[in-house]
Each structure stands twice: as C-alpha cells, then as structure tokens.
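Dock chains B and C against the given chain A, drawing on the hints supplied.
Chains as they are written, first to last, in the numbering used here: chain A, 1 to 354; chain B, 1 to 298; chain C, 1 to 308.
I should point out that these hints are in silico values taken from the structure, not numbers from a laboratory.
Hints are all accurate, no fakes.
Listed below are the simulated DSBU-like cross-link pairs for lysine-lysine, each with C-alpha atoms no more than 35 Å apart in a straight line:
id, chain 1, residue 1, chain 2, residue 2
1, C, Lys76, A, Lys159
2, C, Lys187, B, Lys104
3, A, Lys280, B, Lys47
4, A, Lys176, A, Lys239
5, A, Lys240, C, Lys76
6, A, Lys288, C, Lys76
7, C, Lys187, B, Lys296
If you want the footprint, here are the derived chain C segments under chain B, 3+ residues with CB under 8 Å:
id, stretch
8, 102-116
9, 128-135
Since we're looking at a predicted model, the values are computed, not measured.
Note that beta-carbon positions come from the ideal geometry of N, C-alpha and C, so glycine has one too.
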Amino acid sequence: MRRIQEAPQNGDPGKFALPSSNRCRSASIASAVASWLRPSSALLPEMVGRDWKARLWVAIALLLVLGGAGCSQSTARTDGSSGKPVVIQNIGSDTMVNLAQAWAEEYQNVEPNISVEVSGGGSGLGIAALINGTADIANSSRHIEPEEEAAVAEHSGSKPREFLVGFDALSIYVHKDNPITSISLEELHEIYAEGGKIDRWSQLGITNIPRARTDRIIRVSRQNNSGTYHYFREVVCGKKGDFKLGSLDMNGSKDVVELVSHTPGAIGYSGFGYNTRNVKMIPVSRKKGEKAVLPSIETTLDKSYPISRPMFMYTPGEPPAHVRRYIDWILSPAGQKIVELTGYIPLNLAEDKR
Amino acid sequence: MSASPFTVTPLVRRNMRRELAARIVLGAMVAAMVLPLLAIIAYLAVKGAPLISLKFLTTNPTHGMREGGIWSALLGTIYLVVIALAVSAPIGVLCAVYLNEYAKDNWLTRIINLAVVNLAGVPSIVHALFGLGAFVLFAGIGRSILAASLTLAIMTLPVIIASTKEALAAVPMSFREACWNVGASRWQTIWSIVLPNSLSGILTGVILQVSRTAGETAPIMFTGAVFFKKIQSGTLFAYSLTDQCMALSMHLYTVTTQVTNAPEPLPYAIALVLLGAVLAVNAASIAVRSCLRSRKKW
Amino acid sequence: MIANQPDNLKRPRMARSMTAILGERTIELLIRLCGVSAIVFVFGIFLFVLREGAPLIGKLDWSRVLFSQEWYPTSKGNVRYGVGALIVGTLSVTGLAMLFAVPFGLGAAVFVSEFSTGKVKETLKIVIEMLAAIPSIVWGFIGLTVMNRLIQEYLPAPVGLNLLNGAILLALMSVPIIVSIGEDALKAVPDSYREAAMAMGATRWQAVYRVLFPAARNGLLAAALLGVGRAIGETMAVLMATGHAVNIPRSIFDPIRTLTATIAAELGETAVGSDHYRMLFLIGVLLFSITFVVNLLADLAVRGVRKQ
Chain A
1 MRRIQEAPQN GDPGKFALPS SNRCRSASIA SAVASWLRPS SALLPEMVGR
51 DWKARLWVAI ALLLVLGGAG CSQSTARTDG SSGKPVVIQN IGSDTMVNLA
101 QAWAEEYQNV EPNISVEVSG GGSGLGIAAL INGTADIANS SRHIEPEEEA
151 AVAEHSGSKP REFLVGFDAL SIYVHKDNPI TSISLEELHE IYAEGGKIDR
201 WSQLGITNIP RARTDRIIRV SRQNNSGTYH YFREVVCGKK GDFKLGSLDM
251 NGSKDVVELV SHTPGAIGYS GFGYNTRNVK MIPVSRKKGE KAVLPSIETT
301 LDKSYPISRP MFMYTPGEPP AHVRRYIDWI LSPAGQKIVE LTGYIPLNLA
351 EDKR
Chain B
1 MSASPFTVTP LVRRNMRREL AARIVLGAMV AAMVLPLLAI IAYLAVKGAP
51 LISLKFLTTN PTHGMREGGI WSALLGTIYL VVIALAVSAP IGVLCAVYLN
101 EYAKDNWLTR IINLAVVNLA GVPSIVHALF GLGAFVLFAG IGRSILAASL
151 TLAIMTLPVI IASTKEALAA VPMSFREACW NVGASRWQTI WSIVLPNSLS
201 GILTGVILQV SRTAGETAPI MFTGAVFFKK IQSGTLFAYS LTDQCMALSM
251 HLYTVTTQVT NAPEPLPYAI ALVLLGAVLA VNAASIAVRS CLRSRKKW
Chain C
1 MIANQPDNLK RPRMARSMTA ILGERTIELL IRLCGVSAIV FVFGIFLFVL
51 REGAPLIGKL DWSRVLFSQE WYPTSKGNVR YGVGALIVGT LSVTGLAMLF
101 AVPFGLGAAV FVSEFSTGKV KETLKIVIEM LAAIPSIVWG FIGLTVMNRL
151 IQEYLPAPVG LNLLNGAILL ALMSVPIIVS IGEDALKAVP DSYREAAMAM
201 GATRWQAVYR VLFPAARNGL LAAALLGVGR AIGETMAVLM ATGHAVNIPR
251 SIFDPIRTLT ATIAAELGET AVGSDHYRML FLIGVLLFSI TFVVNLLADL
301 AVRGVRKQ
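Here chain A stands alone, though its shape is the one from the complex:
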C-alpha cells in the first residue's frame, strides 16, 4: 500500500495517488479494508491523534460485548424451578396501589422467593392487563363490568375470580379553616353534579372562610378514568349522571388533599387514608337533617357511612398455587393489619370470610 509520504519511485514525478493496491487480490482486499478504517489522514499531519479512530472502534466493540454479556444475565421471569424468584404481576387501581405495595413488601418477609411486582395505572388498566394475560392479579376499586368479564373468559378460558380484600371510604375534605360542620349527599349532588345549583359557599350558609378570595366553591375532583372518580360520580351524581364542568381534575388521591389544604375555598373527595393534619374531614349524612357520620372502620363496616366501596382483586380463573397463597395471606389477619395501617378499612374477619 503506497502512502502519501513515500518518496515517488521510478522517476515518477510524485503523482499523489491515494492508497491503492496493485498486488494480489487478498492483499488488495486487506488494503481496502485498512484504507477504509484508517484512510490517509496525512494531508494535515498534526490532526488529533492519528489512531483515534481505531481506538474508537475498539471502545465501541468492548461496550457492545459488555452490554451483550450483561443483557444475557438479566433477571429471570416466571421460572420457579431453579431457585430464581417467581414473579407475580399485580396491576391496577391507583387507589389500591399504595396498599398493594405495602402488601408486596411485607410478603417478601413471608416468602422471600416470591416477588410481587406492583404497578398502578387504574382499575381499567388492571382489568385490561388481565384480559391480555399480562397480569396475574388485577386490583380494582370497582366491580368488573360484564363485558370485561366476558373478555377475560374469552382469553383465558374461565371467568375471572373475584376476591374482596378490603374497603375504601371516600372522605370529603375541606380547608382546615372552613367552618362547615357537616354535609349531606343531596348538597354534594347540588355542588358536584351537572345541573346542580349550589356553587357558592353562602348558599350552604358559610360566609366567613378566612382568606378565601371569593365565595365560589372550588371543586376538586379526579381525572375522568380514575376508579375514585367513577365511584363518586355514581354515588353523588346518579348512575347515569355527570359532573359539572370546571372542577379541578387532579391526577392522584394525594394531589386532591394537597390542593384542598392550600386553598381556603376548596372542597374535594379522596380516600380516607390520605387524611393529613392540614385538612379537615367532614362528616356526611345521607339526607339533610339526618345524623352526619365521619368515615372510620366502624362506620364503614356497619354501612352507616354512605360513601364507601369495596376493593377487589381479580384473577383470570382459579389462581395457581403461589398466587392463591398470596391472596390467602392478604385475607388473613396479618394482611388485613396492613390494610388498617395504610389507611383503608379491613374486612370484618368474623363476617366477611369468602
């Protein structure tokens, strides 16, 4: 391979030809590859490191090899036989996601070689994952719909199995300086539902919320495919009713409470477990004039609190042994203790055994 710096030979007046081969074919291929990898960069000899390109290729090759080696040792999936962890996929309700995670973490101590992976996304997403076969357990804060049941049956061959795992009470939160003492479902309907007539605090008899800039009731709600949203809408607006436009639709249960705690004229609904010291939970009565009840374990279990809903876990058909063990643990006193600690309502174990 003749390079530029070689002196011209045979009396050739120094024709500047680029590397070429005039020998046998293999040598010519070799020189072609070499000239491609390291072309004559000799025109400007002081260039950045003559062999930096070769080093770059070597570095890239090393990275690829390491990456390939690494990828092949990624964690195993559902292979229970050789001691690698078995994975249970638990997808669904955002309301239940904190609870599901607390269960998953505690269960690690009970059975260390079973790993429960929890993700949220909503009750709808969980049931959709059940239909697709990507979830072992779907968390849902609402009943499964008949068409969803049919879809699960179609995919996995048997109807989904329902497990009641606890209750969630939806509390009504207001700012802690708001003097209101109780509210009824009818008033909530007038505040939240489409066509409702109450949109000022003075219509409820409240006129002196400190630091509230206007008399307007600032309605805080959830985004429209959250299970909490659906449930509250069913209770307050009726089975086919809709909410009034203009409510602030927050992303998570925590958001609602945060916003209400900073906004004097706000009212919002969220899970009972999301209570903090900076908001006020107000008792709810079914009708105006009836006794208003604060949400608690007792009032939920004896059904005197009107806005509480069951929490379910669904499996596609009868669950396999390891999943069944997990669900049985959840239904046991140990699992239900976690329900209480996380701020939800545990099952009344004397009565609601399934």
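Relative to chain A, chains B and C alone:
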C-alpha cells in the same frame, strides 16, 4: 448659538437619557429571567438537600417509595438516554452530512429542511402517541425500554441534525477543496477531514440532547416507564431491553402526585437530582465546546 | 517507456480497488437514506397518529366536537366529546405566555446581542442555555408547589393552579428559544447597518429600534413563532400547574385545561381501540396540525430573511 460639532446639545442629552433608560429596562428584562432560574435552583437545593447522599443515589426505593433511594429510576434514565442517543446520533449525523455535503439546492432539499424544522416542533405528547401507535402496537415491541428509547430517539433527531449541519458548515471550504485537488472522493474527504474537524460541534449537540432526553416525561409515560419496578441493586445490567423501567422524570411525577406521606424533602431531592444531572451535562457540553474550539485549526 | 513496462501494468490501473469503491457507494447510499429519513419520520408520525384515530372521524359531529365545551368521554349516560374548552384553554395559556415571553425575550435578545460584550455576553448566553435545559417536569413541579402558594398568598386568586400559573411557566420555558433565535437574527444583520447608523449620530438604542428591528424583522418574527410552537406543545408543566379544569376562563385566575394535558392524563387508562382512545389520538392530530402550521409560518418568515 455657536455650537461646535462636539458640544452636548439638549437633543444629545435626551438621546443619551433614552439610551440609559433602554439599557436599564433591557437589563431588567434579562434579570427577570436570570433571577427565577437562580431562585429555583436555590429553593430546590435548600429543600431537597437533607436527603441527597451517595446512598440516596444508589439504593432502590422501598416502603412504597417513601424511603430508600432512587437507583432504579436513575438506572432506567441512563438506559433510556444511552439507547436513544445510540440510535439517533448516527442517523442524525448522516442526515446532516447528506444535507450539507451531498444535497443539491432543489425542492427535495427544501422539503427535507422543512421536515426537520417540523419534526423539531412536534409536541412531546404527539411523540408519545406516535411511539404508542408505531412501536408499542404496530411493531409489536410492547411497552418496553426499547419502545421508549426509540420514541426518544425520534424526538432528539431534528436537533442533532441541526447542530451537526451547523458544525459541518463551519468547516472551511478550502479544506474540502484541498482534498478534492489531490484526488480524494467525496466520502473520503468527509470521513478524514470534515467529520474530525466538526467533531466539537457534533459532540456538543449530542451532549445537549442527553440532558433533554433525561428530562422528558411524556414520551416515556405510555411507551415504557412504570410507576414502580423492583430491580436488583448493585448491578448496572438490571434491566433488559424488553422490560419496562422506572425513570427519574416519571418518578418525580409519581412521587409528587401519588405517593402519600412521603417525607417532604423527597420530591425536592428528586427534582434536584434531575436538575443537577441536566445542568451538569450541559456544563460538560459547554466545556467540551470551548476545549475543542481552542484546538481548531482555522 | 510504456513498452518496457511489465505485463500486468499495461492495463489501465484503477485508482482504487473495487471493494473500496463498493464500500464507499454503500455508505453514500446509507447517507442518502438517512437524508430523507426526516421526511419519513414526519410523515410517519402524522400517519401513525391518524391511523389510530381514523375510525372515529366519520362517527362524530365535528361542528359539535370543535365548538362545544362538554368533555365527557367516560360518561355512562351521555358521552360527549366537546373540545371547545380545551382549545380555548390551549390558546389562552399560550397567548398569555407569549404576552410575557415575547417582550422579555426580544428585550433580552437585544441586550445580549447589542449591549453586552465579552465575558458578560458569554455568561448571559450560558445562563439562558441553562434556563432552556430545565426539564418540563421540574417546571411543573415548581408550578404545583411554589407558584401555587405564591399566587394564592399574594394575588387575588381563588386557587393557585390557574391560567396565570401555567402562563408564567410557559413564558419562562419559551424565553430561551426566543432569545437564542432572536439573537441569531440580530447577528445576521450586517455590521454595515450599525456602522451607518452610528455614522449618522444615532445612539445604540436608536440604532436598535430604528435600524436593526426593521432589518431583522423576519428573524424576530420567526423567533416569536417558534416560541409559540414550544408553548403550544408543552405537556407536563401545564398538566401540573393549570389545575386541569374543563373551563372557559373568565379571568386569568381561573383554572383551565389544555389539549396536551388532556391526552397525557387520560391516555394511560383507556382501552386500546375504544372510542375514547381514538378521540385522544384525534386530538393529537389536531395538535400536530396546529404546530405544523406554526412551524410553516416560522419557516416562511425565516426564508424572508435569507432573501434579503
């Protein structure tokens, strides 16, 4: 009035006053942008500092993400960034090479330039929709790191094309002409002269995109990032390409909106880590730029 | 001399070997392919988003959809897809943001380009780049926590997550783009203009607003338009900071919802293939068209600059 050309007349005084007023107003406008930036960084630093430590960065989140660290999110972000740039940098550089070295000045080139500008302006949520429709559903990859990275790659492509084009255009024509005069072909010129000399500009563009990719949330929300995923700690290869992953930006979103009873500094600490990483990468790109600029040969 | 050459040199010699030439041709083909990739991707984005939403186009009464503010996609009784309030939300937050961002951005561009030199200029440019680098989720977080309380405390706002909050964040996010492109536009004006103005006795400021602004008019317009494009397309910051309320705002302290935030909030939980899902993709098509038009206008404005 016997005024020489250099006396200060009332007109001149008025103009000078106006000039001073203009300088003050414009300076105030600049300050109105700079001060919020500094205030934000300071506020985040003060509020989030109690939690920042090496342990925070290298342990997985535990107890419903209230305790522990952010390792799985950090690792996920690193995976996404590396794969996205590994895909988009070569395509972007080659596209810019085409536009700058090979393209003639005809309607096709104009359309390509228009397409690049439009691609740059596509909202990030539309990128997410595209990623969902094309990679997750149509190509059947499913929600995974691969789909999310490809979506991010398409998002960073136009900026890499634009910055590489600028870097290539900055190489003087005389370099190329010298090559052609000695008989080099077009590609040989590009590979041996043009590309090495524009390396600083190309690197700057790519490094800047690292920070942008790390910060984006919408494109990965539906294509591969999840609320929570348990991974092995202590290894750099905990995710495989078909897994879903946690990501720093998504983690900030979920901790702020969905994790209850989190210690107050936690979201601030995550925001601080994200912001710190982004600003550090940008600072690195500026350093690379000025360092390589001093070695320029023209 | 040629008659004395050995046999294998009598044939005309190729300057390079076959493999080298083939290799180069392949690379050039690859380059050409990559060159048109940008067009492919832009069309691809439009087509894939349209493809997912297309089945719903025929089923909707489009005048009702575009002009009604009733957005009830998950209703059990009465499903309504009215995006009117969302469009008003997007336009209002972008408009208010541009009201802040364009004067500040152009002013800062003028300051950086004309009134500062050397180290100050470098530092300012670096600071503005840093401002551009802040991720949108961090802005959203700031809007949700810091700005929320500031607005609630010091301004007569009933709730801190509102149009003003979102507009301030969007303004801070689009100012860097306006500054950098505006500065490029001002730099592109030949120095002879400035020298001529100074020769006539103009002060710096007079030179700027009488000579440079008209000369760089197209570039500055393009800068403003690209800032608009950035603001329209922003998702996470407005999702967290505007209160996400389907509402036509009657004051700047009312909460609103944008098109981008609607898609981001609702896409995660819709079933693939349902009407709601397709409607969100159609909103994506709408967004893409709006930003396409804005970018086209910006490009035409810049083309006007090159013609000068």
